[in-house]
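Undergrad: Protein sequences appear in the order of chains A and B.
Just so we're on the same page, my numbering is the position in the first sequence counted from 1, plus 23.
Just so we're on the same page, my numbering is the position in the second sequence counted from 1, plus 23.
Honestly, the hints are just simulated from the structure, not real lab data.
Please note that a few of the clues may not be correct.
[Unchecked claim] Each computed DSSO-like pair below joins lysine-lysine, with the alpha-carbon atoms no more than 30 Å apart:
no. : chain 1 : residue 1 : chain 2 : residue 2
1   : A       : Lys54     : B       : Lys239
2   : B       : Lys54     : A       : Lys239
3   : A       : Lys54     : B       : Lys212
4   : A       : Lys37     : B       : Lys37
5   : B       : Lys171    : A       : Lys39
6   : A       : Lys215    : B       : Lys129
7   : B       : Lys27     : B       : Lys54
8   : A       : Lys215    : B       : Lys245
9   : A       : Lys54     : B       : Lys245
10  : A       : Lys212    : B       : Lys215
11  : B       : Lys118    : B       : Lys39
12  : A       : Lys212    : B       : Lys54
13  : A       : Lys37     : B       : Lys105
14  : A       : Lys105    : B       : Lys37
15  : A       : Lys105    : A       : Lys54
16  : B       : Lys85     : B       : Lys129
[Said to hold, decoys possible] To give an idea of the interface, some chain A residues facing chain B are shown, with a C-beta separation under 10 Å as derived from the structure:
no. : residue
17  : Pro107
18  : Ser175
19  : Met177
20  : Gly211
21  : Lys215
22  : Ile248
23  : Ala276
Remember, predicted model here, so these are calculated numbers, not experimental data.
Beta carbons are placed, not taken as given, at the ideal position from N, Cα and C, and that holds for glycine.
Protein chains: 2
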Amino acid sequence: MLSKNKIRFISSLKTKKARDEENLYVIEGDKLVREFLNAGIRFKILAAKAEFLDSLPPDKLKLADDAESVSFEELRQMSSLKTPHNALAVLPMNKPSLNYDEIFRKRIVALDCIQDPGNLGTIIRAAAWFGINTIVCSPDSVDMFNPKVIQSTMGAILHVDVHYAELIYFLKIAKEKEVPVYGTFLEGKPLKNITRRENGVILFGNESKGISADLKQYITEKIFIPAGGRSKPGIDSLNVGMAAAVTLYEFSAGSSH
Amino acid sequence: MLSKNKIRFISSLKTKKARDEENLYVIEGDKLVREFLNAGIRFKILAAKAEFLDSLPPDKLKLADDAESVSFEELRQMSSLKTPHNALAVLPMNKPSLNYDEIFRKRIVALDCIQDPGNLGTIIRAAAWFGINTIVCSPDSVDMFNPKVIQSTMGAILHVDVHYAELIYFLKIAKEKEVPVYGTFLEGKPLKNITRRENGVILFGNESKGISADLKQYITEKIFIPAGGRSKPGIDSLNVGMAAAVTLYEFSAGSSH
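Let's have the full structure, built from the sequences with the hints guiding it.
TA: Written as structure tokens, this is what we have:
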């Protein structure tokens, strides 16, 4: 049984402030918890129904410094979900450092002020699917450790390093190193006609404002995702997550030919 | 000023039951309300801040049977959003009938038990972008008039007819008419290698269970969206909205060549 204090502590991690102070975050759900354990990730606290704990092999259970069986009601108090799952874990944030020499040799995604947790989560998921393992977010983007982000990545967070950095400096370095920077614009070239290098930064902008004015000068190639059929007044954009999925798909599929 | 009764009535439309009984639904937001008015859609009630009503040309204002200026607090009581916008409208559901002869001549999207309102909304938005104007949902899919669906379509709902029908009967008719039915499966053919007919049904399944077993027999072509790079244990799928965006993009882009 978890103490009231611990329940209150875990519950407090719903806010970014508490997460940053403690350097801890929460994952929820049987499947996600199992995936993290299978990847050998250590937990500070594993709080789960007794049946869930019993179902874990001893070597996995040992990955939790503190494993406690809890009731549904206790899970409900700590959960960020409408209906809590059977297991929840608290673990240290993994904040990898940016190695510019290494990351500019690969394709990476940069996100300028993405606000919606679901969008960041699905972009992380799409990046993992299409073989991209580095994302750089502007500091004003939504927190990657936000429970909604973590849940919507469906475990893809294990395969993608998410960094926060001032994009203007980041893109300046890309420019100095002659790394291509791709960005989506209505006046861009159709995605299928873009020359895709094996490395480069693919930049996506804010849900309503798009890419910031001060970043535009660093874009070396403007991309457009063509709308099918007739022109449609009023449909001025794809959702940024969808635009990211389509772009990463085309870059990934294009280069495998 | 809106009466308390009307505020309660509009607020009640957050539930599917009330919407179905009244055959009414709600849209919110300055931009969305303006787009609907520009498309000539009639409102039963338009409730907005006085400044918003004043900003409308008289011929647009006439499209509302009942236009009332309301306070922020009144908007907050009726709104499904965390922070209400300046305008909200109540309007009759548009339920177009399915004309099989017509729709099978085009590309259409079928959705089997999509549960997440954000997913349905963004799929509607992607369909509109890629020139598809018919979606058929299984009856157990999320309600298209759910406020979260409506908001996430960003007005694309004006360009796409969304139907609800038993997919097993629907796909049976497709089969009789020799209309191709495409579906995404892990064992499918890479999307780029699919022969894309100008007509056909593109079917997407439930977020966790995929396409129902009883529908699989109707699929004439299995599609797979290749994962880039190394194999990644644990990343077992793309989000359905993203899979839909990529598939519709490739069908749309492929056929314009």
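Undergrad: Honestly, which of those hints from before does the structure not fit?
TA: Violated hints: 16, 17 and 20; rest satisfied.
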